[in-house]
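If you're matching them up, the sequences are chains A and Y in order.
Once you know that position 230 of the first sequence is 229 in numbering that gives the first Met the number 0, the rest is easy, because the numbers rise by one and skip nothing.
Once you know that position 24 of the second sequence is 23 in numbering that gives the first Met the number 0, the rest is easy, because the numbers rise by one and skip nothing.
Hints were generated in silico from the structure; no laboratory data involved.
Since we're looking at a predicted model, the values are computed, not measured.
The reader is advised that the hints may include incorrect statements.
As the list claims (entries may be wrong) - List time: in silico EDC-like cross-link candidates among lysine to aspartate or glutamate, alpha-carbon distance up to 16 Å: (1) Lys95(A) with Glu182(Y); (2) Lys31(A) with Glu79(Y); (3) Lys58(A) with Asp14(A); (4) Lys31(A) with Glu136(Y); (5) Lys80(A) with Asp46(A); (6) Lys106(A) with Asp189(Y); (7) Lys106(A) with Glu135(Y); (8) Lys106(A) with Glu136(Y); (9) Lys95(A) with Glu117(Y); (10) Lys50(A) with Asp14(A); (11) Lys61(A) with Glu100(Y); (12) Lys114(Y) with Asp39(A); (13) Lys178(Y) with Asp27(A); (14) Lys61(A) with Asp14(A).
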Amino acid sequence: MQAEQIKATIKVVSDKEAEQAMVNVSGDWLLKTHCPRCSDLWNLIPDGSSKCLKFNFSKLGKWDTGLMVFLIGCMEYAEKKNILLDESTFPDGVCKLLELSRAVPEKESTSKSEPDGFLNNIGRNTREILEGIRHFLSFTGEVALGIGRVLTGKKIFRGVDFLTILYQCSVSALPIVGLISLLSGLTMAFVGAVQLQKFGAEIFVADLVGLAMVREMGALMAAIVMTGRTGASFAAQLGNMRVSEEIDAYKTMGIRPVDFLVVPRLLALILVMPMLCMYANLIGIIGGYLVGVLMLDMSPHQYLTQTINAMSLKDLFSGEMKSFFFGMVVAVSGCFYGINCGQSSVAVGQSVTRSVVTGITFIIVVDAIFAVVFHILGI
Amino acid sequence: MPKSKQIKINNLEMAYGSFVVMRDLNFIVEAGKVTVIMGGSGCGKSTLLRHMIGLHEPSKGSILYGDMNFTAASEKEQDEMKQRFGVLYQGGALWSSMTLEENISLPLQTYTKLKPEEIRDVVSLKLSLVGLSGFEEFLPGQLSGGMRKRAALARAIALDPDFLFLDEPSAGLDPVTSKRLDELILQLRDTLGATIVVVSHELASIFAIADHAIYLDAISKRMTAQGLPTKLKADVTDSGVREFLSRGSSSLTSTGRD
């Protein structure tokens, strides 16, 4: 059975001549019940009427932080108003806790905040962007040097790590890349068929799907899936390694984190992306084939011949070429944000988000650049 | 609601799958006392603590808080009980996306009806008790390991818990801070009457704060001694306990090994 709690109260007895007040504290002062606040006390004492304040705790019941907060509030206010507050009658426990809480002086607020304002904000943001660019360039420089070291035959990472990464971003990615490509092939064939049927030109669905997959969609779909899947996982993994100081551990052992962690990931993706792109092309074309053969009553032979005739080696090359660069974009954005992650779990989340957003944005940018270049070159 | 602040461990067996960590644990954590769980690294001290706070289910036996069987209680009853717990985890386990003020405010906002300004007062009191006044706006990531630990203690004592569980509170702290922390633990025991369970292998701290200590032996997987540490050191016959309490020197003198 829990004992009945007595309401916490304060009563003030003022001695006007001596300019002092006695505060009678009674009841149970517990955090989870309602306790009077120090402002309630000051309302009972008219301003300037007392120069000295004493406390009587003889009727105090149980107490915890509720009482401590009240007394600390009173002490702060008394100090501000130049009222003498007699601490000698405080319960022993309160005195000891007060002593502990005063043992370390309050940290002075480190006002690191820079001046605010429109121009200041522009300046600060510009500086941050420039700093970010500088950081990124030095990162890519380091990666390039790392690749240089690999090409000159230096062993800068463990082969088994490379194989594991290679497996993770190739074989493990096949199902999802396949599914997405199949669905895009199917969708394109459907949409195309509806339009082309109006002109009795269903046969060109094969051209449409084949060309679109090989020139654009295969590489693009594979790259976007890989950004969300592998790029994000790179960022999360390296970010966590940074939080748990594993990256610092590499540095202090004289191992370059970029060489050991970033270069194998980059090489793996560059190697794997063109293959994934080829695979995506094939599965996309199968999607179109299913629609063509099952819905549009084309014969398999007819559909395949039409597809093969529509494409040239140039088209295939343009898609493959792009996927090589997409691989680079995915790996670099994932690793850059991972390795430069902050020191907390929130920072890991931010790194992953940034790596995916940056990855997808740059994939589209690179794709647009290639479109212009291929147009000029007539490919 | 059980009133008593005693904890009784009854025939407790802890296991991960088929791997038994400790068996036949029987002891009482007295109300309003500091009980230290000691033992070598990896003997299952933290695991025992995690069983006591309901993070792991015992494979056998039970844990009683007062007259309430915590192990057999429903989830709702356990949750109510947990409101009376304060836990300091080994690594601090502060929520890294929140400032210290937000970390300590959360239990206060959830379980009390205090107004925001009252909560702010409680937060600054708790932070000052652990020597961190003025750090309200800092994120855990901006603090050193020792500071993070102290801030986590401030969070653990936010609600003036009846049962305080501390996992290695002084590990990683400098001697002065560590001593102040010991004082704080004793003050919490004396002023709030909290029942405190501390997992520790810091001898200085054990001797300073323990009213009672239990020793877990990793080899026999049992509790091999319990009592006041100073008495244990003088009287105990078990060589493992004596060696532990004298930093291994008894084994050096008796066997000459290192």
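Going through the hints against the structure:
no.: 1; hint: Lys95(A) with Glu182(Y); verdict: holds, 10 Å
no.: 2; hint: Lys31(A) with Glu79(Y); verdict: holds, 14 Å
no.: 3; hint: Lys58(A) with Asp14(A); verdict: violated, 21 Å
no.: 4; hint: Lys31(A) with Glu136(Y); verdict: violated, 25 Å
no.: 5; hint: Lys80(A) with Asp46(A); verdict: holds, 9 Å
no.: 6; hint: Lys106(A) with Asp189(Y); verdict: violated, 28 Å
no.: 7; hint: Lys106(A) with Glu135(Y); verdict: holds, 10 Å
no.: 8; hint: Lys106(A) with Glu136(Y); verdict: holds, 11 Å
no.: 9; hint: Lys95(A) with Glu117(Y); verdict: violated, 22 Å
no.: 10; hint: Lys50(A) with Asp14(A); verdict: holds, 10 Å
no.: 11; hint: Lys61(A) with Glu100(Y); verdict: violated, 27 Å
no.: 12; hint: Lys114(Y) with Asp39(A); verdict: holds, 14 Å
no.: 13; hint: Lys178(Y) with Asp27(A); verdict: violated, 31 Å
no.: 14; hint: Lys61(A) with Asp14(A); verdict: violated, 28 Å
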